[in-house]
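Those protein sequence lines, which keep their order, are chains A and B.
Quick note: the first sequence, position 275, residue 278 per the working numbering, numbers continuous.
Quick note: the second sequence, position 57, residue 802 per the working numbering, numbers continuous.
What the hints contain is simulated information worked out from the structure, not anything from laboratory work.
Just so you know, not all the hints are guaranteed correct.
To be verified - On the chain A side, residues computed to face chain B include the following (Cβ under 7 Å):
#1 Leu57
#2 Leu60
#3 Gln61
#4 Pro62
#5 Leu64
#6 Gly91
#7 Val95
#8 Val97
#9 Ala99
#10 Leu103
#11 Val180
#12 Leu181
#13 Glu236
#14 Ala341
Note that the coordinates shown come from a computational prediction; the quantities given were computed from them, not determined experimentally.
Yeah, the Cβ is synthetic: ideal placement off N, Cα and C, and Gly gets one too.
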Amino acid sequence: MSEPLILGIETSCDETGVGIVRGRTLLANTIASSMDEHARYGGVVPEVAARAHLEALQPTLEKAVADAGIELADLDGIAVTSGPGLAGALMVGVGAAKALALSLGKPLYAVNHLVGHVSADMLTDGVEPLELPTVALLVSGGHTSLLLVRDIAGDVELLGETIDDAAGEAFDKVARVLGLPYPGGPQIDRAAEGGDPRAIRFPRGLTRASDREKHRFDFSFSGLKTSVARWVEQREAAGEEIPRADVAASFREAVVDVLVTKALDACAEYGVPRLLLGGGVIANRRLRDVARERGAAQGVEVRIPPLDLCTDNGAMIAGLAAELVARGHAPSTLGFGADSTLPVTDIQVAERT
Amino acid sequence: MILAIDTSLGTTVAVVDRATGAILSQADSEGTRGHAEVIGTLIEGALEGAGATPLDIEAVAAGMGPGPFTGLRIGIAAARAFAVGRGIPVVPVVSHDAPALEAIERGEGAPTITTDARRREHAVSAYAGVDADGIPVRTTEPHLEQACDGGGLTERISAGSLGRVAARMLAAGRIPELDEPLYLRAPDAKLPGAPKRVSA
Ligand SMILES: [Zn+2]
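Generate coordinates for the entire structure from the input sequences, incorporating the hints supplied.
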């Protein structure tokens, strides 16, 4: 079987994603988002997300099958995210995937969400296939991780990750400080228009020389958020006008700077001239521009999949499983659960031996 | 045949004969956690126990609660996905209907079903026998009450009984319109106030 037809289910955060691929060809990428329901809470509420997954599951499944123009009976396998992510949200997908696989008599592949983000790039039509090894920077409201991918089906190493907030969360929190609604990413972007990114020098977390040994490739954004809040409070206390465009642009610059600097440092350290970006925060144009610019200056090719494959989606989960099938991996047994802290080294969960 | 799934308390899966209402097999796991881990194995076990293949299943009964959030959803998700896979209908059943049917058949005319809802609350429904189609008649819809001592808690839901209720609903052509799980509680989430000050 050279071109397996796989359906992937992704429910790790606030998007219910069902994707269908044939090998590396994308057939459907159907997504229902509960983002609007979280807006009034100012961030993703796990229970709200989990309820929304259950509601969206059946319609999203049916739409993906219709979009792909396939019959469920033709599938070669079902894939599902086992983790990392929000436990209650993941469990909806896990329960559904097991029952779908059983009802169809098809093998089931439980896979890693973060490694799924990397495989999203392989589903991109009309570009040269992703070369390995590559460094991958995955940034969203739920995770901020730097990976070294030598083999997508067998050798993925975590170089670093956030030790507190995810980058996307920092955008949401700073948006609130500036009185802007959720989600913060696009709001900060809009507010930053015309602002001077060098107006205020906000701190770059874990970039001191003393951090180099233990946290060279880790991230920290909670200090940055506090620093922005303090800066704004001090101006307010003094009765000064807040230069919102400058604050937004300077904050965004601090996030982008630390993300790109550490990712390119990893490329240099491991001698890998390739950087793959993934995750919802990649929608931020400034991040994409700075990564491309500074990557080019350092001789690093920067790969960015189309945005609907960067955000959480089921196609990337199907794509990763298709890679596993192509390399002869056995399906997962039925006994796995949701693992909210699944390490990236566990690319597939509960492979049958 | 009907595949019945309930995860409102433990995890329970059964295969029920649609015409006779006979319980052909049942596979249970009593823990109130680990629903996601065991659901697949239990579905597989229930099918095997009935000597059935997925192709024999004509409808899926889903226990809609009441039940604590996280576990309850897993069974409903599984029921819906199994139904999509086979292109068959889901019959949503109030989980309390299952022990109510058992109690009525034991001779209790008007049973009250009480299950643990955690946080020192109970989920309670009241019944008055069965109607002409043999379906338990609810006189009080599932709701929360403060937990009080005195026992009487139903500790297990049987997917077999749930499937029997579903068989009667199918026979009578009365599929409940019940899309929302009976969580009985709003999500735990606080609306944010003004951002907290960080300066001293
Ligand atoms: Zn993600």
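Structure-based check of each hint:
For A:Leu57, the suggested interface contact is upheld, since its CB lies about 5 Å from the closest CB of chain B, less than 7 Å. For A:Leu60, the suggested interface contact is upheld, since its CB lies about 6 Å from the closest CB of chain B, less than 7 Å. Of the supplied interface hints, the one on A:Gln61 holds, with its beta-carbon coming within about 5 Å of a beta-carbon of chain B, less than 7 Å. Because the smallest distance between the Cβ of A:Pro62 and any Cβ of chain B comes to about 10 Å, over 7 Å, the interface hint for this residue is violated.
A cut of 7 Å between beta carbons decides the hint on A:Leu64: the least distance to chain B is about 5 Å, and the hint holds. A least Cβ separation of about 5 Å between A:Gly91 and chain B falls short of the 7 Å threshold, and the interface hint therefore holds. Here the hint on A:Val95 is kept, as its CB sits about 5 Å from the closest CB of chain B, short of 7 Å. Interface hint at A:Val97: satisfied, since its Cβ lies 5 Å from the closest Cβ of chain B, which is below the 7 Å cut-off.
A distance limit of 7 Å between C-beta atoms decides the matter here; for A:Ala99 the minimum to chain B is near 4 Å, and the interface restraint holds. At a threshold of 7 Å, the smallest CB-CB gap from A:Leu103 to chain B is about 4 Å, leaving the interface hint in force. Annotation: A:Val180 was flagged as interfacial toward chain B, and the flag holds, the nearest CB pair being 5 Å apart, inside 7 Å. Hint on A:Leu181 is violated. Least Cβ distance to chain B is approximately 9 Å, over the 7 Å limit.
The criterion of a C-beta within 7 Å of any C-beta in chain B is met by A:Glu236, whose closest approach is roughly 5 Å, and the hint holds. A cut of 7 Å between beta carbons decides the hint on A:Ala341: the least distance to chain B is about 5 Å, and the hint holds.
The structure fails to meet hints 4 and 12 from the earlier list, while all remaining hints are met.
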